[in-house]
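Colleague: Fit chain B to the known structure of chain A by using the hints.
There are 2 protein chains.
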Amino acid sequence: MILSNKTLKELQEQLKVLSNQDIANHFEDWSPEKRIASSRLLTKDRMANVFHLLSPTIKKDLLSDYTQEETKELIQQIESDDLVDTLQELPANMASKLLNFVDPVKRPLINQLLGYPEESVGSLMSIDYVLIHEDSTVAEALYKIQHASGGPEHLYQIYVMQSDRKLTGYIYLSDLIQSQEEMLTSMIHYDIQPVQTHMDQEIAADLFNKYQLHALPVVDLEGRLVGQTTADDIFRVIHQESEEDISIMAGLTSDQENTPYLEQSFWSMAKQRIAWLLFLMISATFTGYVIQEYEALLATHVVLAAYIPMLMDSGGNAGTQSSTLVTRALSNHEVETTDWKGVLVKELQVGLTTGIVMAVINFIRLALFDHVDLAMGLTVCTALIVTIILSKLLGGLLPVIAEYFNQDPAVMAGPLITTIVDTITLILYFQIATFFLGI
Amino acid sequence: MILSNKTLKELQEQLKVLSNQDIANHFEDWSPEKRIASSRLLTKDRMANVFHLLSPTIKKDLLSDYTQEETKELIQQIESDDLVDTLQELPANMASKLLNFVDPVKRPLINQLLGYPEESVGSLMSIDYVLIHEDSTVAEALYKIQHASGGPEHLYQIYVMQSDRKLTGYIYLSDLIQSQEEMLTSMIHYDIQPVQTHMDQEIAADLFNKYQLHALPVVDLEGRLVGQTTADDIFRVIHQESEEDISIMAGLTSDQENTPYLEQSFWSMAKQRIAWLLFLMISATFTGYVIQEYEALLATHVVLAAYIPMLMDSGGNAGTQSSTLVTRALSNHEVETTDWKGVLVKELQVGLTTGIVMAVINFIRLALFDHVDLAMGLTVCTALIVTIILSKLLGGLLPVIAEYFNQDPAVMAGPLITTIVDTITLILYFQIATFFLGI
Numbered sequence: 041m042i043l044s045n046k047t048l049k050e051l052q053e054q055l056k057v058l059s060n061q062d063i064a065n066h067f068e069d070w071s072p073e074k075r076i077a078s079s080r081l082l083t084k085d086r087m088a089n090v091f092h093l094l095s096p097t098i099k100k101d102l103l104s105d106y107t108q109e110e111t112k113e114l115i116q117q118i119e120s121d122d123l124v125d126t127l128q129e130l131p132a133n134m135a136s137k138l139l140n141f142v143d144p145v146k147r148p149l150i151n152q153l154l155g156y157p158e159e160s161v162g163s164l165m166s167i168d169y170v171l172i173h174e175d176s177t178v179a180e181a182l183y184k185i186q187h188a189s190g191g192p193e194h195l196y197q198i199y200v201m202q203s204d205r206k207l208t209g210y211i212y213l214s215d216l217i218q219s220q221e222e223m224l225t226s227m228i229h230y231d232i233q234p235v236q237t238h239m240d241q242e243i244a245a246d247l248f249n250k251y252q253l254h255a256l257p258v259v260d261l262e263g264r265l266v267g268q269t270t271a272d273d274i275f276r277v278i279h280q281e282s283e284e285d286i287s288i289m290a291g292l293t294s295d296q297e298n299t300p301y302l303e304q305s306f307w308s309m310a311k312q313r314i315a316w317l318l319f320l321m322i323s324a325t326f327t328g329y330v331i332q333e334y335e336a337l338l339a340t341h342v343v344l345a346a347y348i349p350m351l352m353d354s355g356g357n358a359g360t361q362s363s364t365l366v367t368r369a370l371s372n373h374e375v376e377t378t379d380w381k382g383v384l385v386k387e388l389q390v391g392l393t394t395g396i397v398m399a400v401i402n403f404i405r406l407a408l409f410d411h412v413d414l415a416m417g418l419t420v421c422t423a424l425i426v427t428i429i430l431s432k433l434l435g436g437l438l439p440v441i442a443e444y445f446n447q448d449p450a451v452m453a454g455p456l457i458t459t460i461v462d463t464i465t466l467i468l469y470f471q472i473a474t475f476f477l478g479i
Numbered sequence: 041m042i043l044s045n046k047t048l049k050e051l052q053e054q055l056k057v058l059s060n061q062d063i064a065n066h067f068e069d070w071s072p073e074k075r076i077a078s079s080r081l082l083t084k085d086r087m088a089n090v091f092h093l094l095s096p097t098i099k100k101d102l103l104s105d106y107t108q109e110e111t112k113e114l115i116q117q118i119e120s121d122d123l124v125d126t127l128q129e130l131p132a133n134m135a136s137k138l139l140n141f142v143d144p145v146k147r148p149l150i151n152q153l154l155g156y157p158e159e160s161v162g163s164l165m166s167i168d169y170v171l172i173h174e175d176s177t178v179a180e181a182l183y184k185i186q187h188a189s190g191g192p193e194h195l196y197q198i199y200v201m202q203s204d205r206k207l208t209g210y211i212y213l214s215d216l217i218q219s220q221e222e223m224l225t226s227m228i229h230y231d232i233q234p235v236q237t238h239m240d241q242e243i244a245a246d247l248f249n250k251y252q253l254h255a256l257p258v259v260d261l262e263g264r265l266v267g268q269t270t271a272d273d274i275f276r277v278i279h280q281e282s283e284e285d286i287s288i289m290a291g292l293t294s295d296q297e298n299t300p301y302l303e304q305s306f307w308s309m310a311k312q313r314i315a316w317l318l319f320l321m322i323s324a325t326f327t328g329y330v331i332q333e334y335e336a337l338l339a340t341h342v343v344l345a346a347y348i349p350m351l352m353d354s355g356g357n358a359g360t361q362s363s364t365l366v367t368r369a370l371s372n373h374e375v376e377t378t379d380w381k382g383v384l385v386k387e388l389q390v391g392l393t394t395g396i397v398m399a400v401i402n403f404i405r406l407a408l409f410d411h412v413d414l415a416m417g418l419t420v421c422t423a424l425i426v427t428i429i430l431s432k433l434l435g436g437l438l439p440v441i442a443e444y445f446n447q448d449p450a451v452m453a454g455p456l457i458t459t460i461v462d463t464i465t466l467i468l469y470f471q472i473a474t475f476f477l478g479i
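Just so you know, the protein sequences line up as chains A and B, in that order. When we follow this note's numbering, the leftmost residue of the first sequence carries the number 41, and every step to the right adds one. When we follow this note's numbering, the leftmost residue of the second sequence carries the number 41, and every step to the right adds one.
Fair warning: there could be bad hints in the mix.
Put simply, identical chains are the same to the list, so a pair is met inside one copy or across any two.
In silico DMTMM-like cross-links for lysine to aspartate or glutamate, where the CA-CA straight-line distance does not exceed 20 Å [stated by the list, open to error]:
(1) K250 / E281
(2) K112 / D168
(3) K250 / D272
(4) K49 / D231
Honestly, the hints are just simulated from the structure, not real lab data.
This is chain A alone, in the form it adopts within the complex (with noise of 0.2 Å):
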């Protein structure tokens, strides 16, 4: 089906207010032969910013529809690190065919980029910029400018380097144009961050984070500029690091699909969820022994059951909470590992103040309604106060604990917390209880 011209100038007028974001949304939908009209309505620039968008059914099929010379414009205006991340999703065949469009100038750059790790900042990076000696003029850096490639934000600010190709500066373009310099030494700013390509993507987002950048350098070994990374770029980082997180503490497998969640599939779903489940339980089992151990003790004061709920909640909460804090302030770098007995000292003396308050709290409520004898109340305050400081302990010690042997702390500030703190509360429950009832 062939579109009329009228509805060619509706889709025109409909495209021009619609962001790319929106326009790749809506090209998951449209019959092929709109998205095909549509993506010749758009200007180039624009259409490569849309197909970097797309779902990689999409690129596929519209890379079908296109004639070469199509293809071949489409991939010399799409950005090098956008253009990367479609060659990895593409059959390699077709990646390879694409491959022969791209400028041969930047061919090895790209081959260099599809061989950086996953999550990595070489694999985030973008091999767009204006690098420019020192020593030029103004003129000189606008030329290089003008005829530069890459989006906006590759050219936000530029970057000076010294006759060893070192770099040592950058320069805002704003500052550019409004300079009425000749020169650009006056304009350079030398408190450069630059991270290099092996590094944890995750290091470049706490650097836009601490110093609230838009754009990063990135430089090899030797100091050497071969790339950026852009404010852009970490939202994407951060927005998946921050559900990493909350999938870890919810105890989680996380899912690399992102597919929203009514979309998933129950299947996929329970999978996600099973094997922290059935991990957990059979940990939970531990608490089962301690239970059956004193079971002669709960035959004869069945009341000591009633509180187990209460001191298993109230130490997994009091272990909750500072594992968490202890994570955050760990990944913040507020803490470090040589930092445990600052941490120890800390979450002893929470945990005291804390505990005391709630055990004086519970033995008012378990005086005047529960109507418990002295001996009673005593254990199951006691435990209390021992329960809240020992699970305040763990979860301060157990994520630097990782964090040392190089292990995730986010794990401790999981539902594993819980299950380690409900067997020791028990243990301590019930020799308390022997203590004080004199059994």
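Modeller: Same frame as chain A, now just chain B:
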């Protein structure tokens, strides 16, 4: 003590390679002499940026050491949104003195910014921007940019309007520089996603995330440009919002102060934690009443107690998984409150699947290791399936219900869900036991 020339020279070299954030950190530790000397060595522009990053105490100290002229220069260099932050932090008499130094043209705008509610887009935005008529020439636009105030992030894109002053689009500074055209028309992007001053800053952050922006225009109710927010501000918002979510999930009352972990007093830490701990402890007493209710049953079948922790933990974990996933889906707008039926069906399916898998594995474990009789095995495993299904349903639906009543669904992803699930689990467990054990 006056610093020697040699020391000053060294200081200047040191400042050159430090980032603004690092200099601000040093200011917190340095002597007042070294601070004032450094502030005079920095360019006015950099000092304005460093100043913004200082703590209120150091800001006050510095300002009281400054001459009238120096204060005036600082105030005029500082960007409007940063100035508003500073004015809000300082004592009222100091703030009103500073306001006198503000460019009279800008004063009403600053006053307006001071009036926006916390966490609104208005409180976040900067009033530094360039707005130009659609029909202008490139030369006119460049002239406006050359004479604009504000940092490089405020000139990343400039905005265009029609004669009624309504925002119609934007142009990238880089496109302007690279353009060979005489008129702006062909460079204008019309896919604007403006936000309004009274909106929550989270809406702006969502747009940056979704469309991977570097800057976002802010308009008034009539669609006229009043300011813009930039990626650097948004990093702070995202960080703040994610800290808030994690706090709620860990049962912490959020602290506004953002003091590093090791520097917080144990008393302020205890305060942050005690409210939820007490609330949850008191809620958990319901579980105690349930157990007391079935005391007779427990007395004759003490072994029932051994499986209470495992059931409670499994239910809590299953509920937390669902509530976290649904809360996340709600905040990403993958799920709306009207989708409650979809959530119900999904969680029912997942609950049934995971519940059966867990029950089967648990049954085998009970038979092999605990040597329990069939009735007991059936009791525990039936209770496990029912618990998992119910926890998944509650975990999935409670966040949707919270959202429906305009409450933060994250509360349901926190420890509250565990407490709710615990009570229900216990009632079901004892009911099922009564049935299978034939009492």
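Colleague: Work down the list of hints and note, for each, if the structure agrees.
Modeller: Now for the hints, and whether the structure bears them out:
1. K250 / E281: both (16 Å within a copy, 16 Å between copies)
2. K112 / D168: Result: close within a single copy only, 19 Å intra versus 41 Å inter.
3. K250 / D272: Classified as both: same-chain Cα gap 16 Å, cross-chain 10 Å, threshold 20 Å.
4. K49 / D231: between (51 Å within a copy, 17 Å between copies)
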